[in-house]
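Enquirer: Each chain, letter by letter, is given below.
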Amino acid sequence: MTNPAGNVRRPRWLMPFGALAVLFFIATQYIALANSEPDRDMGHLQKIMYVHVPTAWIAMIAFAVVFGASLLYLWKRDIKYDLTAAAAAEAGVMLTALTLALGSIWGRSTWGVWWTWDPRLTTTAILLMIYAGYLALRSFTDDEDRRARWSATVGVLGFLNVPIVYMSVQWWRSIHQVQSTSDTVDGSYALGLRLNAFSVLFLFVFFVSIRYYIARLERDRSLLLEERALGREVTRV
Amino acid sequence: MSELSRIRAVVWKDLTAERRTKANFNAVVFLAALILLLFGFALGPDADALRNVAGGVLWLTVLFSGVLSFNRAYEQELEDGAFEMLLLYPGDRRSIYLGKLVANLAFVILVELVLIPAATLLYDLPVWDVVLPLSLVMLLGTFGFVTLGTFYAAMASRLRAREVLLPLLLFPMLIPLLIAAVQATSGILTGDAMNQAGDWMKLLAVYDIVFFIGALFAFEYVIED
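For the record, the sequence lines run as chains A and B.
Just so you know, we're using my numbering here: the first sequence kicks off at 1360 and counts up by one.
Just so you know, we're using my numbering here: the second sequence kicks off at 37 and counts up by one.
Just chain A, with the same shape it has in the complex:
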């Protein structure tokens, strides 16, 4: 066993980092909202972009983390990679759901509909389903080693599908606005958008870290209970 029970400590930096991440998020909202004029066509509605776009970006990072950690688990067989992948998948599912909710609100006000079959929106919805399946598989698999191996393969195959899903939906239909670049976005918008991308990234790192820590505690608890049930001496490191 690579990680004996009883030695899980909360990293000292975790809570201060979380507090800073939340404060930074509040500050970037203020900077983003105060610094930009209403959009010519969309007015203040455009400001949904400051959270809608960063949550979509960071969700993709989350699924890339699931992919990387899953590969590392299959290679090294260390449970910490499995727990990292699971934590990132949970945060990623939450961020994709948030992206869809915010996109729906934005779409209702600018395109007049809650949902359109546009490539990026549709790809996001499919990703939500793929990783919801990943989490469902985890919750139904009781054996730790089996859960780690199985969900790692699902995490790898799921990520391989992302470019194929995107390409197929793109061919199928396209009405989403063309991706903005720094040339098409006003400078005041770009600043708010970039700051927000970092603030969502910090919140993501915080969520994944705390979820990882909780998963370690849960694992520890079940290991200790198991040892006690077997009548073994419980040693704390």
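It is worth saying that the hints were derived from the structure and are not from the lab.
Treat the hints with care, as some may be off.
Stated by the list, open to error - Distance ranges between label pairs, derived from CB positions:
1) B:Ala-78 <-> A:Trp-1470: 25 to 31 Å
2) A:Ala-1456 <-> B:Met-121: 42 to 48 Å
3) B:Glu-115 <-> A:Leu-1576: 35 to 41 Å
4) A:Pro-1522 <-> B:Leu-124: 36 to 42 Å
5) B:Thr-156 <-> A:Leu-1519: 33 to 39 Å
6) A:Pro-1522 <-> B:Asp-128: 27 to 33 Å
7) B:Leu-252 <-> A:Asp-1579: 47 to 53 Å
8) A:Ser-1468 <-> B:Ala-63: 47 to 53 Å
Stated by the list, open to error - Only some residues are given here: those of chain B computed to face chain A with a beta carbon under 8 Å:
9) Met-191
10) Ala-197
11) Glu-199
12) Leu-201
13) Leu-204
14) Pro-208
15) Ile-211
16) Pro-212
17) Phe-247
18) Ala-254
19) Tyr-257
20) Val-258
21) Glu-260
Note that CB positions come from ideal geometry on N, CA and C, so glycine has one too.
Following the hints, complete the assembly by docking chain B onto the known chain A.
Expert: Below, chain B alone, put in the same frame as chain A:
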């Protein structure tokens, strides 16, 4: 025993078990025909409208009826610890996956051989002029479907919630395949005016190759215990 003869042994074993009962095949074929009828009732009696959506109906019927057969390929192994015995045999375990893949492929293709004529009659499809391209699309789509179905069923069949978990894992992964297969099929059935069926078939081929290699490598991690 060479790799090839191991694969052949697994295929023979699975198909023989299927052939001797036939209960499962008959049930799946009748269910597939029933789904075709249900779509007809749901989408209305307008013959032209039905012909336009026939590609989508056909593929959803394949998916919904085929998904029922994948878990069964492992379930019959789980009784009396047959799967453990299978794992104990020497040699590469990939041949187990490949054997199950070929057996499932044969099963689903047999279902389709009943399903497509039934759809042709029910939906009045111009199949005779396009037998070759249509067969190619059916083969490409079915191969990708069975590749991932066989892989995910290796996990789902050993869990409590197998009936709901397999489609939950499998269908989101199949969405690109469904889009490409339906577009290609509809294109072929309606004369392919946009000349796009070929591009969709290429996408199907890429999908098949990516997930065949992926599932082949991932399978060993799934059946380790």
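Enquirer: Does each hint fit the structure? Answer for all of them.
Expert: Okay, the hints, checked on the actual structure:
The supplied range of 25 to 31 Å is met by Ala-78 of chain B and Trp-1470 of chain A, whose beta-carbon atoms lie about 29 Å from each other. The beta-carbon spacing between Ala-1456 of chain A and Met-121 of chain B, approximately 44 Å, falls within the hinted interval of 42 to 48 Å. The hint said 35 to 41 Å for the Cβ distance between Glu-115 of chain B and Leu-1576 of chain A, and at roughly 39 Å that hint holds. Take Pro-1522 of chain A and Leu-124 of chain B: their Cβ atoms lie about 39 Å apart, and the range 36 to 42 Å holds.
A hinted range of 33 to 39 Å holds for the C-beta pair Thr-156 of chain B and Leu-1519 of chain A, which are about 35 Å apart. A hinted range of 27 to 33 Å for the beta carbons of Pro-1522 of chain A and Asp-128 of chain B is consistent with their spacing of about 30 Å. In this structure, Leu-252 of chain B and Asp-1579 of chain A break the distance hint of 47 to 53 Å, their C-beta atoms being roughly 36 Å apart. Range check, Ser-1468 of chain A to Ala-63 of chain B: Cβ separation about 50 Å, and the 47 to 53 Å hint holds.
Interface restraint check: Met-191 of chain B against chain A, minimum CB-CB distance 5 Å, threshold 8 Å, status holds. A hinted interface residue such as Ala-197 of chain B counts as satisfied when its beta carbon comes closer than 8 Å to some beta carbon of chain A; here the least separation is about 5 Å, so the hint holds. Against a cut-off of 8 Å between C-beta atoms, the interface hint on Glu-199 of chain B is violated, since the closest Cβ of chain A lies about 12 Å away. Hint on Leu-201 of chain B holds. Least Cβ distance to chain A is approximately 6 Å, under the 8 Å limit.
With its C-beta approaching chain A no nearer than about 5 Å, Leu-204 of chain B sits inside the 8 Å limit, and its interface hint holds. Here the hint on Pro-208 of chain B is kept, as its CB sits about 4 Å from the closest CB of chain A, short of 8 Å. Because the closest C-beta pair between Ile-211 of chain B and chain A is about 5 Å apart, less than 8 Å, the hint holds. A cut of 8 Å between beta carbons decides the hint on Pro-212 of chain B: the least distance to chain A is about 4 Å, and the hint holds.
The beta carbon of Phe-247 of chain B comes within 7 Å of a beta carbon in chain A, closer than 8 Å, and the hint placing it at the interface holds. Taken as an interface hint, Ala-254 of chain B checks out: its beta carbon lies about 4 Å from the nearest beta carbon of chain A, inside 8 Å. Hint status for Tyr-257 of chain B relative to chain A: holds, with the closest Cβ pair at about 5 Å, below 8 Å. Given hint, Val-258 of chain B at the interface with chain A, holds; its Cβ is 6 Å from that chain's nearest Cβ, closer than 8 Å.
Taking 8 Å as the C-beta cut-off, the interface hint given for Glu-260 of chain B holds, the closest approach to chain A being about 6 Å.
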